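Novice: Since the structure of chain U is provided, determine the placement of chain S on it from the hints.
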Amino acid sequence: MLQVSKAPGSPATLLEIANLTKSFDGVKAVEDVSLRLREGIITTLVGPNGAGKTTLFNLITGHLRPTSGDIRWQDESIVGTAPWKIARLGVARTFQDLRLFSHMTVFENVLTVMEKSAWFWQSEAGSGAERHQRVHEILEATGLQHNAGVRANDLAYAERKFLSMARIMATKAKMWLLDEPASGLDPRSYERFVTLLRGEVRRGITICIIEHNLEIVVSISDRISFLDQGRLLADGEPEEILGNPELSSIYFGERNS
Amino acid sequence: MIAYLVNLATLVCINAILAITLNFIMGYAGIFSLAHAVFFGVGAYVAAFIALQWTDALLLQLPAAMLIAGTISAALALPALRVRGDYFVAASLGFQVLAATVFSEWKSVTGGIGGLVGIPPASIAGHAFSDPVQFLGLAGVTLALVVVLTRAIVRSSFGRSLKAIRDSESAALAFGKNVALIKTLSVFYSTAVCAVAGVLYADYLSFINVESFTIDASTLFMAMVIVGGIGTVWGPIVGAVLLTLLPAALTYLPFLPRTEIGSVQQMVYGLAMVLLMIFKPDGLMGAKRGEA
Chain U
2 MLQVSKAPGS PATLLEIANL TKSFDGVKAV EDVSLRLREG IITTLVGPNG
52 AGKTTLFNLI TGHLRPTSGD IRWQDESIVG TAPWKIARLG VARTFQDLRL
102 FSHMTVFENV LTVMEKSAWF WQSEAGSGAE RHQRVHEILE ATGLQHNAGV
152 RANDLAYAER KFLSMARIMA TKAKMWLLDE PASGLDPRSY ERFVTLLRGE
202 VRRGITICII EHNLEIVVSI SDRISFLDQG RLLADGEPEE ILGNPELSSI
252 YFGERNS
Chain S
7 MIAYLVNLAT LVCINAILAI TLNFIMGYAG IFSLAHAVFF GVGAYVAAFI
57 ALQWTDALLL QLPAAMLIAG TISAALALPA LRVRGDYFVA ASLGFQVLAA
107 TVFSEWKSVT GGIGGLVGIP PASIAGHAFS DPVQFLGLAG VTLALVVVLT
157 RAIVRSSFGR SLKAIRDSES AALAFGKNVA LIKTLSVFYS TAVCAVAGVL
207 YADYLSFINV ESFTIDASTL FMAMVIVGGI GTVWGPIVGA VLLTLLPAAL
257 TYLPFLPRTE IGSVQQMVYG LAMVLLMIFK PDGLMGAKRG EA
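Those protein sequence lines, which keep their order, are chains U and S. Just so you know, the working numbering puts 244 at position 243 of the first sequence, and the rest follows in order with no gaps. Just so you know, the working numbering puts 32 at position 26 of the second sequence, and the rest follows in order with no gaps.
Bear in mind the hints are in silico, worked out from the structure with no lab data behind them. Note that the coordinates shown come from a computational prediction; the quantities given were computed from them, not determined experimentally. A portion of the hints provided could be inaccurate.
[Unchecked claim] With a cut-off of at most 16 angstroms between alpha-carbon atoms, the simulated EDC-like pairs for lysine to aspartate or glutamate come out as follows:
{"no.": "1", "chain 1": "U", "residue 1": "LYS173", "chain 2": "U", "residue 2": "GLU240"}
{"no.": "2", "chain 1": "U", "residue 1": "LYS86", "chain 2": "S", "residue 2": "GLU175"}
{"no.": "3", "chain 1": "S", "residue 1": "LYS113", "chain 2": "S", "residue 2": "GLU217"}
{"no.": "4", "chain 1": "U", "residue 1": "LYS117", "chain 2": "S", "residue 2": "GLU175"}
[Said to hold, decoys possible] If you want a taste of the chain U side facing chain S, the calculated C-beta under 8 angstroms gives, among others:
{"no.": "5", "residue": "ASP76"}
{"no.": "6", "residue": "THR82"}
{"no.": "7", "residue": "PRO84"}
{"no.": "8", "residue": "HIS104"}
[Unchecked claim] Here are some chain U residues the structure puts well away from chain S; computed CB gaps all over 12 angstroms:
{"no.": "9", "residue": "THR22"}
{"no.": "10", "residue": "GLU32"}
{"no.": "11", "residue": "GLU116"}
{"no.": "12", "residue": "ALA159"}
{"no.": "13", "residue": "GLU160"}
{"no.": "14", "residue": "THR196"}
{"no.": "15", "residue": "GLN230"}
{"no.": "16", "residue": "GLU240"}
{"no.": "17", "residue": "PRO246"}
{"no.": "18", "residue": "ILE251"}
Even glycine gets a Cβ: it sits at the ideal position worked out from N, Cα and C.
Here chain U stands alone, though its shape is the one from the complex (with noise of 0.2 angstroms):
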């Protein structure tokens, strides 16, 4: 691992990695990856494609459980945790192909996040009519206030994208992990996307973004952590992973050695 940055008096510590191992039938999807993950900053991932950043989102939520390694969660190990306890302990995401309540409408979408729901007579926090005000809310700030009734199914592909944030928006979780949530906007999308991101984070948001557009690389990241195959390259501010003539030649397939 390059030693870019040691980060001298960084915020604190909401998610840390340590020597995180995934091996697929003999195949080190990640590999010994160490990473800690700050509070109230945005952290971007970036590395081409099979680089392990999606098989590290699902290690982190609990949807895979990893070969070796830890991951602490506000100090405590959450390996082995069931992914909808990971995800009432306060860590969200979003998924790289979607995964929209596709026949619900878009409305029931972002109510149905904010329910736990396990039993028929489950209590809800606040009210029912607390929670219809929130979602229009939500809807509103992602511009889908006139698809409140439409199937997640029948949206456009932009909207599709936003409904995709709007739910994560909708759940309390401390930290978000977003797999991609740009890929395919027009400009004027990617606009308003990073302008909700930054507002979410003025809120108290932590984030981790896989992000391959490097436009909007540079415009949120906070710090940037560089994955190759599966391994940690670098982690550091934007400026020093992105000047780094060795990186970009990696990410950008010119890779000889």
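Specialist: Okay, now just chain S, sitting in the frame of chain U:
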């Protein structure tokens, strides 16, 4: 003639309850069970056994049947938590075949192949429902209760969680849904209420045997749900009405010899299913899909 129509209407009510409960797990939880007739049978056998051994009191038969069917539903819920889609269909098919064997072999409880005869009509607070018209009323009220309760659940936060799981299990997990518990509860509800239909069936016919609870019955119930429209409120009821009345209607065709009705019926079913899948793949009430 009246007696004949009352009989058909009663069977429609019972089949509608079966279709609604199957639709609850197929349409809202995404669990495609080919073992629904097992729980129909469990309800019927429990009611018959209690009626013949102890009491004809409906309000004792119902909770016993629901509880036993709901408990046995763990046999369905466990594979449903592990596998999805085709694999679960195969698992439920295996369970159905196994249960039918138990129904026909466990002679001391089920009466074996011959079944149980002379089941007394159900009674509530000492009033016996021996008059078919009164029994139709009982079946109709039960159906109405099932419709209201199922609708309320589907529209509740629990129903939304169920639909979320159906549409994307991994996303539901990522948003804090306890998928295993929600699926288990939904299967419990579906099978327990399915057993209610079994209780009514045994008390109504006063005779039951394994033939009503085989894979053929499970297939028919699934056909009702698919014909009517999976995941719709009225679809399973429409499907139950059509597929219950169709065989009766065929007997009125004058040019059909009595002996041929069975095979003609199968051909009509088959043809109707093929045409439906071509022209209305979401079922007759399919346009309403996705609504609660």
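Novice: Each hint should be assessed against the structure and marked as holding or not.
Specialist: Status of the hints after comparison with the structure:
Between LYS173/U and GLU240/U, the direct Cα distance comes to roughly 32 angstroms. Violation of the 16 angstroms bound is thereby established for this hinted pair. At roughly 15 angstroms between alpha-carbon atoms, LYS86/U and GLU175/S fall within 16 angstroms of each other, so this suggested pair holds. The hinted pair formed by LYS113/S and GLU217/S meets the criterion: a straight-line CA distance of about 15 angstroms does not exceed 16 angstroms. Distance check on the hinted pair: LYS117/U and GLU175/S sit about 15 angstroms apart at the alpha-carbon level, within 16 angstroms; holds.
Checking ASP76/U against chain S: minimum C-beta separation of about 21 angstroms lies over 8 angstroms; hint violated. Because the closest C-beta pair between THR82/U and chain S is about 12 angstroms apart, greater than 8 angstroms, the hint is violated. The criterion of a C-beta within 8 angstroms of any C-beta in chain S is met by PRO84/U, whose closest approach is roughly 4 angstroms, and the hint holds. Annotation: interface hint on HIS104/U holds; nearest CB of chain S at approximately 4 angstroms, less than 8 angstroms.
At roughly 22 angstroms from the closest C-beta of chain S, the C-beta of THR22/U stays outside 12 angstroms, upholding its exclusion from the interface. With a least beta-carbon separation of about 24 angstroms from chain S, GLU32/U lies farther than 12 angstroms from that chain, consistent with its non-interface assignment. A cut-off of 12 angstroms between C-beta atoms contradicts the statement that GLU116/U is not in contact with chain S; the least separation is 4 angstroms. At the 12 angstroms boundary, the C-beta of ALA159/U stays outside the reach of chain S, the nearest C-beta of that chain being 19 angstroms off.
Against the 12 angstroms criterion, GLU160/U stays outside the reach of chain S, whose nearest CB is about 17 angstroms from its own CB. With a least CB separation of 24 angstroms from chain S, THR196/U remains clear of the 12 angstroms interface cut-off, as annotated. Chain S leaves GLN230/U outside its interface by the beta-carbon criterion, the shortest separation being 25 angstroms against a cut-off of 12 angstroms. Against chain S, the non-interface label of GLU240/U holds: every CB pair exceeds 12 angstroms, the least being about 33 angstroms.
Distance check for PRO246/U against chain S: the nearest CB is about 38 angstroms away, which clears 12 angstroms, and the non-interface claim stands. Separation of ILE251/U from chain S is adequate, the least Cβ-Cβ distance of about 30 angstroms exceeding the 12 angstroms criterion.
Hints 1, 5, 6, 11 from the earlier list are contradicted by this structure; the remaining hints agree with it.
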